[in-house]
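Residue numbers (the working numbering), protein chains in the order written: chain A, 1 to 116; chain B, 117 to 230.
Think of the hints as simulated: they come from the structure by calculation, not from any bench. Don't take each hint at face value.
[Claimed, not checked] In silico DMTMM-like pairs for lysine to aspartate or glutamate, Cα to Cα no more than 25 Å straight-line:
1. Lys36(A) x Asp210(B)
2. Lys176(B) x Glu3(A)
3. Lys165(B) x Glu44(A)
4. Lys41(A) x Asp171(B)
[Stated by the list, open to error] FRET-style restraints, in silico, Cβ to Cβ:
5. Lys53(A) x Ser227(B): 29 to 35 Å
6. Tyr155(B) x Glu44(A): 16 to 22 Å
7. Ser227(B) x Lys9(A): 23 to 29 Å
8. Arg95(A) x Asn175(B): 16 to 22 Å
9. Glu158(B) x Glu84(A): 21 to 27 Å
10. Glu3(A) x Pro126(B): 38 to 44 Å
11. Thr116(A) x Glu185(B): 47 to 53 Å
12. Tyr51(A) x Tyr155(B): 28 to 34 Å
13. Glu192(B) x Asn102(A): 41 to 47 Å
14. Thr128(B) x Lys38(A): 36 to 42 Å
15. Thr7(A) x Glu185(B): 43 to 49 Å
16. His10(A) x Pro126(B): 23 to 29 Å
17. Phe134(B) x Glu84(A): 39 to 45 Å
18. Glu67(A) x Lys184(B): 40 to 46 Å
All residues carry an ideal CB built from backbone N, CA and C; glycine is no exception.
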Amino acid sequence: DTEVTQTPKHLVMGMTNKKSLKCEQHMGHRAMYWYKQKAKKPPELMFVYSYEKLSINESVPSRFSPECPNSSLLNLHLHALQPEDSALYLCASSRNPDSTYNSPLHFGNGTRLTVT
Amino acid sequence: GNSVTQMEGPVTLSEEAFLTINCTYTATGYPSLFWYVQYPGEGLQLLLKATKADDKGSNKGFEATYRKETTSFHLEKGSVQVSDSAVYFCALSDRGSSASKIIFGSGTRLSIRP
Chain A
1 DTEVTQTPKH LVMGMTNKKS LKCEQHMGHR AMYWYKQKAK KPPELMFVYS YEKLSINESV
61 PSRFSPECPN SSLLNLHLHA LQPEDSALYL CASSRNPDST YNSPLHFGNG TRLTVT
Chain B
117 GNSVTQMEGP VTLSEEAFLT INCTYTATGY PSLFWYVQYP GEGLQLLLKA TKADDKGSNK
177 GFEATYRKET TSFHLEKGSV QVSDSAVYFC ALSDRGSSAS KIIFGSGTRL SIRP
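Isolated chain B (complex conformation):
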């Protein structure tokens, strides 16, 4: 079956540090891949997405590249800010699937020190 594995958190970094949050997936088909972010006290927001191999999603300085050969979709940012402190969820949705087939990773909590 489909699954998403994220690196364990929490991740604590200093402001302006480089960020990588690892995400790997298992899927029988050709899924779309997503990163959602949840700020304290809020719901999840779509951060970025990629729908096919080698696509790069980007938003707010964050990037992730859909790597079919390594089944990965790692989230990166060159210089993090305190306002990036949140929980990040990697997710996949298989082609033609309904909502029940959206698979979320366990989430990675990110804390940025000033």
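Bound conformation, chain A alone:
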């Protein structure tokens, strides 16, 4: 069982919808991440929160809006998505925000998003 919980597992949304993805961890990790994974590809980093503050935005379009309400929760708000945004969205956490050198990532099982 993964210690990072993501909901929902599957989401189908139209291009005019607004939806949110949720992620929760209770390991006391102070870094949380959103990744996007297309089929047969490695994960691509989208956002990083360090100590509940956005520290990295990898030039992600504004139709994706992250939020970190507290140290255990991470949301990804979706609005006006395009069909090419269909992918597996993975949340991850790590103990030390300042270095992943010795602080591996812990991933959730992801939300499979389909944009119609």
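We have chain A; now place chain B onto it with these hints.
For chain B alone, kept in the frame of chain A given last:
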């Protein structure tokens, strides 16, 4: 810049066969090296790691040795099982780097026949 190169998949083996998945890296510093595994329908899980040259990471019968002289971190298992069917990602993280500096290889899909 840093990079990770993995052998192309898919790799198909019979149960109890010996497995090697090659991984080589390029790094300017002294990175940590990782193998992550992704089972069907799941996220990535850390399989093993090594943080310095000559370290051997091991878990669930899998092993990988950090070889600085050949810049390699090949994944091996002596006898694979059907349950090992998954996608395997080699990754590196440079010393002092943030999450944006985690470099994943392209992944190698492994299928094990009963």
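Okay, the hints, checked on the actual structure:
Among the hinted pairs, lysine 36(A) with aspartate 210(B) is consistent with the structure: their alpha-carbon atoms are about 22 Å apart, no more than 25 Å. For the proposed pair lysine 176(B) and glutamate 3(A), the alpha carbon gap of about 19 Å is at most 25 Å, so the pair holds. Distance restraint check for lysine 165(B) and glutamate 44(A): the Cα-Cα separation of roughly 20 Å lies within the 25 Å cut-off, and the hinted pair is therefore satisfied. Straight-line distance between C-alpha atoms of lysine 41(A) and aspartate 171(B) comes to about 28 Å, which puts the hinted pair past the 25 Å bound.
Look at lysine 53(A) against serine 227(B): about 42 Å separates their beta carbons, and that is not inside 29 to 35 Å. Under the hint 16 to 22 Å, the C-beta atoms of tyrosine 155(B) and glutamate 44(A), about 20 Å apart, fit the expected range. In this structure the hint that serine 227(B) and lysine 9(A) lie 23 to 29 Å apart at CB holds, the actual value being about 24 Å. The hinted range of 16 to 22 Å is satisfied by arginine 95(A) and asparagine 175(B), whose Cβ atoms lie roughly 18 Å apart.
Here the CB-CB span from glutamate 158(B) to glutamate 84(A) is close to 24 Å, well matched to the stated 21 to 27 Å. A beta carbon spacing of about 29 Å between glutamate 3(A) and proline 126(B) contradicts the range 38 to 44 Å that was offered as a hint. Here the CB-CB span from threonine 116(A) to glutamate 185(B) is close to 52 Å, well matched to the stated 47 to 53 Å. Evaluation of the 28 to 34 Å hint for tyrosine 51(A) and tyrosine 155(B) yields a pass: the beta carbon distance comes to about 31 Å.
Look at glutamate 192(B) against asparagine 102(A): about 23 Å separates their beta carbons, and that is not inside 41 to 47 Å. Here the CB-CB span from threonine 128(B) to lysine 38(A) is close to 23 Å, at odds with the stated 36 to 42 Å. The hint said 43 to 49 Å for the Cβ distance between threonine 7(A) and glutamate 185(B), and at roughly 46 Å that hint holds. Taking 23 to 29 Å as the suggested C-beta distance range, the pair histidine 10(A) and proline 126(B) conforms, at roughly 25 Å.
Taken as a hint, the range 39 to 45 Å holds for the pair phenylalanine 134(B) and glutamate 84(A), whose Cβ atoms sit roughly 40 Å apart. Under the hint 40 to 46 Å, the C-beta atoms of glutamate 67(A) and lysine 184(B), about 42 Å apart, fit the expected range.
Going down the numbered hints, you'll see the structure goes against 4, 5, 10, 13, 14, while the others check out.
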